[in-house]
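Just so you know, the protein sequences line up as chains H and Y, in that order. Quick note on the numbering used here: the first sequence kicks off at 1 and runs consecutively. Quick note on the numbering used here: the second sequence kicks off at 1 and runs consecutively.
Keep in mind that a hint or two might mislead.
To be verified - Within a straight-line C-alpha distance of at most 30 Å, the following computed DSBU-like cross-link-like pairs (lysine-lysine) qualify:
#, chain 1, residue 1, chain 2, residue 2
1, Y, 30, Y, 209
2, Y, 123, H, 8
3, H, 424, Y, 17
4, Y, 70, Y, 221
5, Y, 8, H, 424
6, Y, 16, H, 342
7, Y, 70, H, 344
8, Y, 137, Y, 115
9, Y, 16, H, 424
10, Y, 141, Y, 130
11, H, 342, Y, 115
12, H, 421, Y, 137
13, Y, 11, H, 342
14, Y, 139, H, 344
Stated by the list, open to error - Footprint (simulated), chain H over chain Y, 3 or more residues, beta carbon under 8 Å:
#, segment
15, 82-92
16, 99-110
Unchecked claim - A partial selection of chain Y residues facing chain H, derived with a Cβ cut-off under 7 Å:
#, residue
17, 52
18, 96
19, 115
Rather than coming from a laboratory, the hints here were simulated on the basis of the structure. All figures in this text were calculated on a predicted structure; none of them were measured in a lab. We treat Cβ as the ideally placed atom computed from N, Cα and C, and that holds for glycine.
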Amino acid sequence: MNLLDIIKSANHNLFRSKTRTFLTILAIFIGSFTIILNSAINAGVNSYIDSQVENIGGDDYIEIAPTALYDQLSSMMSSDSEVKEYKPDKNSGETAYITNEDLAKIREIDGIKKITPYHNVTAEYIESNLNDKKFSVLFRIFADSSLHADMLTGTQPSSDDNKPEIMLNPSYVEALGFSSAEDAVGKTVKFGIKQTAKCYITPDNCIATTEATITGVQANGVLSTGNMLGINQALSDDIYDLMTVDTPDNIKDRTMFATGTIDPDKIDNIRSELKKLGYTVTTIKDEVGLIRTFFDVILVVFNIFGVIALLAAAIGIINTLFMSVQERTREIGLEKALGMSKGKIFLSFSIEAILLGFWGSVVGIIFSMIIGYIGNTIAHNSFLADFPTFNLVKFDPLTMLTIVLVIMLIAFLAGTLPARKASKKNPIDALRYE
Amino acid sequence: MNVVIETKGLKKTYGKKSSAFHALKGIDLKIYEGESVAIVGKSGSGKSTLMHLLALLDTPTSGKVYIDGKNTTDMSNKQLNSLRSDRFGFVFQQFFMNPNDTVYENVMLPLKIAKTKYSERRKKVENALKIVDLSSKAKNKATDLSGGQKQRVCIARAIVNNPEIIFADEPTGNLDSATGDKITDLLFDLNHNHGVTLVLVTHDEDLAKLCNRIIRIADGKIIDDYAVKKSEQTSAEKRHEKVAAEVKAKNEEKKK
Ligand SMILES: Nc1ncnc2c1ncn2[C@@H]1O[C@H](COP(=O)(O)OP(=O)(O)OP(=O)(O)O)[C@@H](O)[C@H]1O
Ligand SMILES: [Mg+2]
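Here chain Y stands alone, though its shape is the one from the complex:
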């Protein structure tokens, strides 16, 4: 399997001198194409920081990030920007939507930035909204949605440009379990059926167990990195599938 992201001695220090805080203290890891990786750890352990570095949103204090074996410190801003806009999809810990724009416009944003042809934009946005089951809300203002709906808009925005890798920071963090499972369902469907690499930050052990692999960090260091056993995965999957089926049934009822 191909390594898509590799880090070597990744360190991140916030602040300077006496107030310096070492959020990451040397991270070495490899993420393979088509994997689903959960980054777990306590609050403040450095999960978001690590994800931002992996997603090239921030620069490490020291250490290197390689994408497809290429050193990202050697890349121009333009290359980094097009990497993010063309190959990455993001779901942030907060929603980060433009509240005054419509759902449609919010989902369209990555396409504008990626300079997608006008003729393709509409179809892509409609498709993404269909996947998250929000086609009916396309014309609504983003502010008028419920929390779960907002999170689904964020997923739609993350997948609209068919990314190769999706980075999701607590994608189910502030959702009830039914909606959370629906989101999870969506993400793993992309992973299983479309080969999208998933990097999930979460403190939900159940969600983590749905992934192939769990990276546990504490205090800015990796303390555990292991493949999830099939049995563990299936039990989690089973529970998840049960909920998913319930949701599906509910939806179908609604449609009738």
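Extracted from the complex, chain H is given alone in its bound form:
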């Protein structure tokens, strides 16, 4: 028999006992469906995270915080009730800070280009001169130009500029009274800043104001939501100066976090040097890695289900084919008597197994594509309405092909046992079989 004949007859034999074949394919389908949908979700989520990371940019962006701060945080959160003995040089009750002298030391580390203290700047409100409404606001400092925001219009606040600049989120455009995002670009907004030290003395009269130019409006994205607006270092400095009016320098100049730019190739060295000095470094990758790990864990769990289902399906294939070999004993005997070789008999049963794997995984792909399409549509109409570019489920042809091939391989391996049994049958014994 040539290959085409073998494939044809294998396919023909497969659909001879339809119920049995259907059930086996169903079992494979459950496994393949789980794995395929999973990998599609994985691809969707990861490609979204990737695109967002690209938005923020910054292989060279780092955040530095004293390691002691993390220790304090974790001891606060741990259920460990052990009372620690006081040691003057260690575990002080006071929060760990980075001072200007510390920053000077950090700047000496090879690979660090720029370090800026990250002051937690806050404003009481934001307002425009178009209406008399004031709105609460939070800031995210774009200290470095290597960070990229996904812009709806205009540009992000310039880090090289000494002029105070801000970018808005779409929701602020309307609230502040601008007719459109384009209209907002170039206009000024005003902030009310609480002068903390003054407020202890004259609580009713301690709000100062400062202004900034709108450079653009940011597009919505998972990492740029809420009322957090991007500002540049110049505006941050202005606000911090107002907040710390009358504050002693030693307090004014300390910070809990510092941000900076580095040479990305030297990140390992920088990490270890800073560790020695007692600081922990966080890169964008680290941050994103956390989100990714979270998704990965979920997907691994689901993939384990899928693999278990596939293993069960493999046993189903073995079982189905053993039954088929049994039923077709005479047929096999006849074929061998008529001169069909062992190898061809083996091949014919193997192809049957492979076809089971093929149909199971193809049905799996079709169904997961349907489910994926429905899922994407639902998501875009509800919780992902603001993120038209984000596909919850994403089908990569190469991955799909790989999965199909792997499942076919598993099916083939499962099929080798019955196929071997069939190929070893002696034609006379097989023909005598009643």
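With the hints as your guide, set chain Y with the ligands onto chain H.
Same frame as chain H, but now just chain Y with the ligands:
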């Protein structure tokens, strides 16, 4: 005349030790090209066993089978397989058809195995079905046929690839005499007009007498091996021809 099959000291033992059963106890014979040989004997005497060994379907416990003077124990599986698929035709004691396939597909099977070109398959199958007078049943499921029709499908399957030797185990065993004679007619036509060597296993003495030669076995041994006398043959032939003519007449009537 050329010897196509020769056996030397052929023995076949089933089972082992205490339960061992010696089905064949040393068979030496030669089968010549173009002969028609009947192997006769009582049930259980070892006829089928011998035929299976001659047809290379089974391996002897000891002894040798030569095909065209070549020792078959020296042949590879591939050579044995192609010998069976290209030169032998088989009619088994039972029908051994794939019940879910059509008559056409059943007859096609040897061609698939012999890797016959697609372009030739159709013609060969149609021709074989025409010879056994079953062209009209080509599309029917094998299970839907009568016993005689099934046996004719088996003959068609045996002859479809133009074999040099046909091995037939009780080809008329479970058929009524009219249908049986028709099958016999077919086989001897191949023998007389196409030079096909026939090896028939039978317990029907009349059928045996139609052959050139009868090999009688009992208890796994050849007890008699003789050429059929012309007179014997013709009397059998006459009887057979009478029946064949009747069948032919009936068929022609049907066609009208
Ligand atoms: N696989 C086997 N295992 C054990 N014994 C066997 C086997 N095959 C055949 N035999 C025995 O060998 C003997 C010969 O069997 P064989 O089938 O050749 O008989 P036969 O002459 O064809 O009989 P029949 O006319 O009934 O078909 C029988 O006694 C049978 O029981
Ligand atoms: Mg027999």
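Hints, one by one, checked against the model:
| no. | hint | verdict |
| --- | --- | --- |
| 1 | Y:30 with Y:209 | holds (19 Å) |
| 2 | Y:123 with H:8 | holds (20 Å) |
| 3 | H:424 with Y:17 | holds (24 Å) |
| 4 | Y:70 with Y:221 | holds (24 Å) |
| 5 | Y:8 with H:424 | holds (28 Å) |
| 6 | Y:16 with H:342 | holds (26 Å) |
| 7 | Y:70 with H:344 | holds (26 Å) |
| 8 | Y:137 with Y:115 | holds (24 Å) |
| 9 | Y:16 with H:424 | holds (21 Å) |
| 10 | Y:141 with Y:130 | holds (17 Å) |
| 11 | H:342 with Y:115 | holds (15 Å) |
| 12 | H:421 with Y:137 | violated (35 Å) |
| 13 | Y:11 with H:342 | holds (25 Å) |
| 14 | Y:139 with H:344 | holds (27 Å) |
| 15 | 82-92 | holds (count 8) |
| 16 | 99-110 | holds (count 3) |
| 17 | 52 | holds (6 Å) |
| 18 | 96 | holds (5 Å) |
| 19 | 115 | holds (6 Å) |
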